[in-house]
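Enquirer: Line by line, the protein sequences give chains F and X. When we follow the working numbering, the leftmost residue of the first sequence carries the number 21, and every step to the right adds one. When we follow the working numbering, the leftmost residue of the second sequence carries the number 8, and every step to the right adds one.
Source of the hints: derived by calculation from the structure; they are not laboratory data. Each residue gets a CB set at the ideal place from its N, CA and C atoms; glycine is no exception. A couple of the hints might just be wrong.
Claimed, not checked - As a list, the in silico BS3-like pairs of lysine-lysine whose alpha-carbon atoms are at most 30 Å apart:
{"no.": "1", "chain 1": "F", "residue 1": "Lys353", "chain 2": "X", "residue 2": "Lys248"}
{"no.": "2", "chain 1": "X", "residue 1": "Lys220", "chain 2": "F", "residue 2": "Lys315"}
{"no.": "3", "chain 1": "X", "residue 1": "Lys308", "chain 2": "F", "residue 2": "Lys274"}
{"no.": "4", "chain 1": "F", "residue 1": "Lys229", "chain 2": "X", "residue 2": "Lys220"}
{"no.": "5", "chain 1": "F", "residue 1": "Lys400", "chain 2": "F", "residue 2": "Lys320"}
{"no.": "6", "chain 1": "X", "residue 1": "Lys73", "chain 2": "F", "residue 2": "Lys315"}
{"no.": "7", "chain 1": "F", "residue 1": "Lys341", "chain 2": "X", "residue 2": "Lys285"}
{"no.": "8", "chain 1": "X", "residue 1": "Lys248", "chain 2": "F", "residue 2": "Lys274"}
{"no.": "9", "chain 1": "X", "residue 1": "Lys360", "chain 2": "F", "residue 2": "Lys81"}
{"no.": "10", "chain 1": "F", "residue 1": "Lys56", "chain 2": "X", "residue 2": "Lys325"}
{"no.": "11", "chain 1": "X", "residue 1": "Lys360", "chain 2": "F", "residue 2": "Lys60"}
{"no.": "12", "chain 1": "F", "residue 1": "Lys274", "chain 2": "F", "residue 2": "Lys229"}
{"no.": "13", "chain 1": "F", "residue 1": "Lys197", "chain 2": "X", "residue 2": "Lys325"}
{"no.": "14", "chain 1": "F", "residue 1": "Lys372", "chain 2": "X", "residue 2": "Lys285"}
{"no.": "15", "chain 1": "X", "residue 1": "Lys393", "chain 2": "F", "residue 2": "Lys60"}
{"no.": "16", "chain 1": "F", "residue 1": "Lys32", "chain 2": "X", "residue 2": "Lys248"}
{"no.": "17", "chain 1": "X", "residue 1": "Lys43", "chain 2": "F", "residue 2": "Lys56"}
{"no.": "18", "chain 1": "X", "residue 1": "Lys285", "chain 2": "F", "residue 2": "Lys107"}
{"no.": "19", "chain 1": "F", "residue 1": "Lys320", "chain 2": "X", "residue 2": "Lys220"}
{"no.": "20", "chain 1": "X", "residue 1": "Lys308", "chain 2": "F", "residue 2": "Lys353"}
{"no.": "21", "chain 1": "X", "residue 1": "Lys248", "chain 2": "F", "residue 2": "Lys315"}
{"no.": "22", "chain 1": "X", "residue 1": "Lys383", "chain 2": "F", "residue 2": "Lys229"}
{"no.": "23", "chain 1": "F", "residue 1": "Lys60", "chain 2": "X", "residue 2": "Lys302"}
{"no.": "24", "chain 1": "F", "residue 1": "Lys342", "chain 2": "X", "residue 2": "Lys285"}
{"no.": "25", "chain 1": "X", "residue 1": "Lys220", "chain 2": "F", "residue 2": "Lys353"}
{"no.": "26", "chain 1": "F", "residue 1": "Lys55", "chain 2": "X", "residue 2": "Lys368"}
{"no.": "27", "chain 1": "X", "residue 1": "Lys12", "chain 2": "F", "residue 2": "Lys315"}
{"no.": "28", "chain 1": "X", "residue 1": "Lys383", "chain 2": "F", "residue 2": "Lys260"}
{"no.": "29", "chain 1": "X", "residue 1": "Lys325", "chain 2": "F", "residue 2": "Lys55"}
{"no.": "30", "chain 1": "F", "residue 1": "Lys81", "chain 2": "F", "residue 2": "Lys197"}
{"no.": "31", "chain 1": "F", "residue 1": "Lys315", "chain 2": "X", "residue 2": "Lys308"}
{"no.": "32", "chain 1": "F", "residue 1": "Lys60", "chain 2": "X", "residue 2": "Lys308"}
{"no.": "33", "chain 1": "X", "residue 1": "Lys285", "chain 2": "F", "residue 2": "Lys400"}
{"no.": "34", "chain 1": "X", "residue 1": "Lys248", "chain 2": "F", "residue 2": "Lys55"}
Claimed, not checked - Label pairs and their calculated CB-CB ranges:
{"no.": "35", "chain 1": "F", "residue 1": "Tyr390", "chain 2": "X", "residue 2": "Arg446", "range": "36 to 46 Å"}
{"no.": "36", "chain 1": "F", "residue 1": "Asn29", "chain 2": "X", "residue 2": "Arg123", "range": "24 to 34 Å"}
{"no.": "37", "chain 1": "X", "residue 1": "Glu372", "chain 2": "F", "residue 2": "Glu243", "range": "54 to 64 Å"}
{"no.": "38", "chain 1": "X", "residue 1": "Asp363", "chain 2": "F", "residue 2": "Glu48", "range": "17 to 27 Å"}
{"no.": "39", "chain 1": "F", "residue 1": "Asp191", "chain 2": "X", "residue 2": "Asp409", "range": "39 to 49 Å"}
{"no.": "40", "chain 1": "F", "residue 1": "Arg394", "chain 2": "X", "residue 2": "Phe440", "range": "44 to 54 Å"}
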Amino acid sequence: MAFISSGYNPDKPMEGRISDIGPRHFGEYLPPVIKKNFGKWDYHEIIEPGILLHVAESGDKTYTVRAGTARLMSVTHIREICEIADKFSGGYVRFTTRNNLEFQVETEEAAKELKTYLNGQTFPGGSHKFPVGGTGAGVTNIVHTQGWVHCHTPATDASGTVKATMDVVFDDFQDMKLPAPVRISMACCLNMCGAVHCSDIAILGIHRKPPIIDHQYLDNLCEIPLAVAACPTGAVRPSKVEIDGETYKTVAIKQERCMFCGNCYTMCPSLPLSDGEGDGIAIMVGGKISNRITKPAFSKVVVPYVPNEPPRWPTMTKVIKKILDTYAEDANKYERLGDWANRIGWERFFEKCELPFTEHLIDDFRDPAYYTWRQTTQFKW
Amino acid sequence: MAKHKTPLLDQLESGPWPSFVSDIKQEADARAKNEKGLDYQIPVDCPDDLLGVLEMSYTDGETHWKHGGIVGVFGYGGGVIGRYCDQPQMFPGVAHFHTVRVAQPNGKWYNTELLRNLIKIWELRGSGLTNMHGATGDIVFLGTTTPQLEEIFWELTHDLEIDLGGSGSNLRTPATCLGMSRCEYACYDTQELCYNLTQEYQDELHRPAFPYKFKFKFDGCPNGCVAAIARSDLSFIGTWKDPIKVDQEAVAAYVGGEIAPNAGAHAGRDWGAFDIQKEVVDLCPSNCISYEDGKLTIDHKECVRCMHCINTMPRALKVGDERGCSVLCGAKAPILDGPQMGSLLVPFMEVNKDDDYQAIKDLIENIWDWWMEEGKNRERIGETMKRLGMAALIDAAGVPVDARQVQEPRHNPYIFWKAEDVEGGWDRDINEFRKRHQR
Numbered sequence: 021m022a023f024i025s026s027g028y029n030p031d032k033p034m035e036g037r038i039s040d041i042g043p044r045h046f047g048e049y050l051p052p053v054i055k056k057n058f059g060k061w062d063y064h065e066i067i068e069p070g071i072l073l074h075v076a077e078s079g080d081k082t083y084t085v086r087a088g089t090a091r092l093m094s095v096t097h098i099r100e101i102c103e104i105a106d107k108f109s110g111g112y113v114r115f116t117t118r119n120n121l122e123f124q125v126e127t128e129e130a131a132k133e134l135k136t137y138l139n140g141q142t143f144p145g146g147s148h149k150f151p152v153g154g155t156g157a158g159v160t161n162i163v164h165t166q167g168w169v170h171c172h173t174p175a176t177d178a179s180g181t182v183k184a185t186m187d188v189v190f191d192d193f194q195d196m197k198l199p200a201p202v203r204i205s206m207a208c209c210l211n212m213c214g215a216v217h218c219s220d221i222a223i224l225g226i227h228r229k230p231p232i233i234d235h236q237y238l239d240n241l242c243e244i245p246l247a248v249a250a251c252p253t254g255a256v257r258p259s260k261v262e263i264d265g266e267t268y269k270t271v272a273i274k275q276e277r278c279m280f281c282g283n284c285y286t287m288c289p290s291l292p293l294s295d296g297e298g299d300g301i302a303i304m305v306g307g308k309i310s311n312r313i314t315k316p317a318f319s320k321v322v323v324p325y326v327p328n329e330p331p332r333w334p335t336m337t338k339v340i341k342k343i344l345d346t347y348a349e350d351a352n353k354y355e356r357l358g359d360w361a362n363r364i365g366w367e368r369f370f371e372k373c374e375l376p377f378t379e380h381l382i383d384d385f386r387d388p389a390y391y392t393w394r395q396t397t398q399f400k401w
Numbered sequence: 008m009a010k011h012k013t014p015l016l017d018q019l020e021s022g023p024w025p026s027f028v029s030d031i032k033q034e035a036d037a038r039a040k041n042e043k044g045l046d047y048q049i050p051v052d053c054p055d056d057l058l059g060v061l062e063m064s065y066t067d068g069e070t071h072w073k074h075g076g077i078v079g080v081f082g083y084g085g086g087v088i089g090r091y092c093d094q095p096q097m098f099p100g101v102a103h104f105h106t107v108r109v110a111q112p113n114g115k116w117y118n119t120e121l122l123r124n125l126i127k128i129w130e131l132r133g134s135g136l137t138n139m140h141g142a143t144g145d146i147v148f149l150g151t152t153t154p155q156l157e158e159i160f161w162e163l164t165h166d167l168e169i170d171l172g173g174s175g176s177n178l179r180t181p182a183t184c185l186g187m188s189r190c191e192y193a194c195y196d197t198q199e200l201c202y203n204l205t206q207e208y209q210d211e212l213h214r215p216a217f218p219y220k221f222k223f224k225f226d227g228c229p230n231g232c233v234a235a236i237a238r239s240d241l242s243f244i245g246t247w248k249d250p251i252k253v254d255q256e257a258v259a260a261y262v263g264g265e266i267a268p269n270a271g272a273h274a275g276r277d278w279g280a281f282d283i284q285k286e287v288v289d290l291c292p293s294n295c296i297s298y299e300d301g302k303l304t305i306d307h308k309e310c311v312r313c314m315h316c317i318n319t320m321p322r323a324l325k326v327g328d329e330r331g332c333s334v335l336c337g338a339k340a341p342i343l344d345g346p347q348m349g350s351l352l353v354p355f356m357e358v359n360k361d362d363d364y365q366a367i368k369d370l371i372e373n374i375w376d377w378w379m380e381e382g383k384n385r386e387r388i389g390e391t392m393k394r395l396g397m398a399a400l401i402d403a404a405g406v407p408v409d410a411r412q413v414q415e416p417r418h419n420p421y422i423f424w425k426a427e428d429v430e431g432g433w434d435r436d437i438n439e440f441r442k443r444h445q446r
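Just chain F, with the same shape it has in the complex (with noise of 0.2 Å):
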């Protein structure tokens, strides 16, 4: 491999150097319809699963073309997509915010075409490449996040379990039966940084082992107040060991107040708490961002601990499907999930889904805690 310079200079780094730019401005991306009537819609419409038609008040239509993908992809990938667009739709495509692709298109003849083209489409393993669907009443696509591809903390992996829930509900992403959407997140840690706590259910990564300390380095990798201060639970102080006759300074957990998150060894690589043991998933439900009827509402964990069990995680999948066809059996009309439990009340949810009720499942996480418990005598036998 020799190396290509892009033109850079290392020895000059200011020199004719470029920053702070930004983005390029959008408008250049948008197909000639769009452009033409920003701001100027009039209504939409779901023809079929997977396909949105959008007319403008000049009467334009435009049509949608929308299909799933796995957020990771490669530019072989991309490429195909490129190839894609630019047969069937001017040259032009989009992502959605929970990692669909959508294709404009001119015609409903022609959106039905494309979504046929795509849904041929297959990896040669078996896979769909860009299954259609991901619109109304029905399952679209999870947000996630890095897991075992390419993070320093995960508790579990979160492309697969994605791919496994994707699969277990993929009916649903085709379909449009369910009594609300259903908006499925995943997160591989307690940092979430796919923010998991508003979904209508939420995969979880989670640890249940305290940190091990690496004594004998911390001190070298990590500033040892950095790393007290990081514990939100004050679990962590300032310590000294001696191991061989040598004193090492490093820090002492006390293991009975580990919440598990994580923060500590975010600040300090001496303290990992990845294990293949004490690792898995919670599973959280009921939490949505939409303002429509009700209030936007966090995801309350159901299921504090399944095993990780990859490729397929069968626990995890069996336990989001049984809640899925409870709800989609159960629920009424417009009703979001975790409004389907606050109706029927948590105690019956758990009846409904079969779930088991653990102590685990009961706050103990400072003051919102006590707004979590039963303040009156009305509650279901």
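Once you've looked at the hints, dock chain X against the given chain F.
Expert: Quick look at chain X alone, frame taken from chain F:
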């Protein structure tokens, strides 16, 4: 021929949902074949080694990535996340495998020329693997070596006129819904505001000067497709002040079954005929809708703009004309002090492009000044708010106190009165007091 055996990952190639494993394998093959004769600038087999290290994680249930080191481009304190494998001898192709965050076009619209130009850089100088897109909204280039960082930055800025995104304790890359580009609900031009503020605050985006990360997100309406209320320290959510516009003929068409309710979103199941009383009137959270004698009436003063009636009958009901945004502050994921949603700071702001959004910028800068003064190291603004109180933020932001800022008044009488709130102040004379009250 695969470099590593990956029996566990191979099981993720079946099933209907797109397989990231198949895609990484496809990239590994493409690089091995190298039909274009590229002189790859990082190890050709890095996708193979990524599969290898991932298979190891699938086997032992633990990650094999180390903490990031301090890597980046000259003059920036963000945009690159250092990443190193903890088994570099076994997987040399990903021994150094840094992430590069690239500023996405707002609303995530692309033409194929831009996409091809981006992947051309990344194919030569990186792993050829990406995230489209990262959780905050950036284009994420997944895996390159340190010597390539300046080269990638140079080509992005010189050839594509595109910058890096944010990371660390700085303004993170702002993100927006698709707004007016293709949505009739957009109450303001989310993309233009997002673009304008991104450009205005380039320094804050690239050079960490904050206590911790800070995110802006822009939702065009209370449906919240980009999750601003849950995921951004400062959320700008479209809203309006005047009545919802009602087209009674279109209402009749919904009632008569000529138009599918909810834009057809429930078409996969037979829910029976549309019942406007049950599906719209009875579900209104503020009970402000009535339907009598074939006429839909909305008591505008009582409407809380939840969007349900509009979502259900988008051809009959339209958001009002006096549009702007609500501003909410302090959303974050649970680390460390529990999850928070944005709390309403400004019920209504005009979104005025003509004066370059000055009122919004003044608000942002007041909030930042307060947080930079008061915030502790690694404290999100939502946590500073909890520690010092919503009223302190309202005061610092220079916005009026408003009953809309709370769900209900305080539950306790522990009011932190100030001396100037009280007649005569706090300076009292004990001798004067004793003239009235014996010891």
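Enquirer: Can you let me know if the beta-carbon spacing of Arg394 of chain F and Phe440 of chain X is within 44 to 54 Å?
Expert: Since Arg394 of chain F and Phe440 of chain X have Cβ atoms about 48 Å apart, the given range 44 to 54 Å holds.
Enquirer: Hinted pair, alpha-carbon criterion (30 Å max): Lys393 of chain X, Lys60 of chain F. Please report holds or violated.
Expert: With Cα atoms ~41 Å apart, Lys393 of chain X and Lys60 of chain F exceed 30 Å; violated.
Enquirer: Hint check: Lys197 of chain F vs Lys325 of chain X, CA-CA at most 30 Å. Holds or violated?
Expert: 26 Å, holds
Enquirer: Is Lys285 of chain X close enough to Lys400 of chain F, meaning Cα to Cα at most 30 Å?
Expert: 26 Å, holds
Enquirer: Would you mind confirming whether the straight-line C-alpha gap from Lys320 of chain F to Lys220 of chain X stays at or under 30 Å?
Expert: 25 Å, holds
Enquirer: Does Lys274 of chain F sit within 30 Å of Lys308 of chain X, going by the straight-line distance between their CA atoms?
Expert: 56 Å, violated
Enquirer: Need the status of pair Lys353 of chain F, Lys248 of chain X: alpha-carbon distance at most 30 Å?
Expert: Given pair Lys353 of chain F, Lys248 of chain X holds - Cα atoms ~29 Å apart, limit 30 Å.
Enquirer: Hey, Lys315 of chain F versus Lys308 of chain X, does the alpha-carbon distance stay inside 30 Å?
Expert: Given that 30 Å is the threshold and the Cα spacing comes to 19 Å, the pair holds.
Enquirer: Take a quick look at whether Lys325 of chain X and Lys55 of chain F sit within 30 Å of each other, Cα to Cα.
Expert: 21 Å, holds
Enquirer: Do the Cβ positions of Asp191 of chain F and Asp409 of chain X conform to the proposed distance bound of 39 to 49 Å?
Expert: Given a distance of about 47 Å, which is inside 39 to 49 Å, the answer is holds.
Enquirer: Take a look at whether the Cβ-Cβ distance between Asn29 of chain F and Arg123 of chain X falls inside 24 to 34 Å.
Expert: With Cβ atoms ~27 Å apart, the hint holds.
Enquirer: CA of Lys360 of chain X to CA of Lys60 of chain F, is that 30 Å or under?
Expert: OK: Lys360 of chain X and Lys60 of chain F at ~17 Å, within 30 Å.
In this structure, the hints that do not hold are numbers 3, 6, 8, 15, 16, 17, 18, 25, 27 and 37, in rising order.
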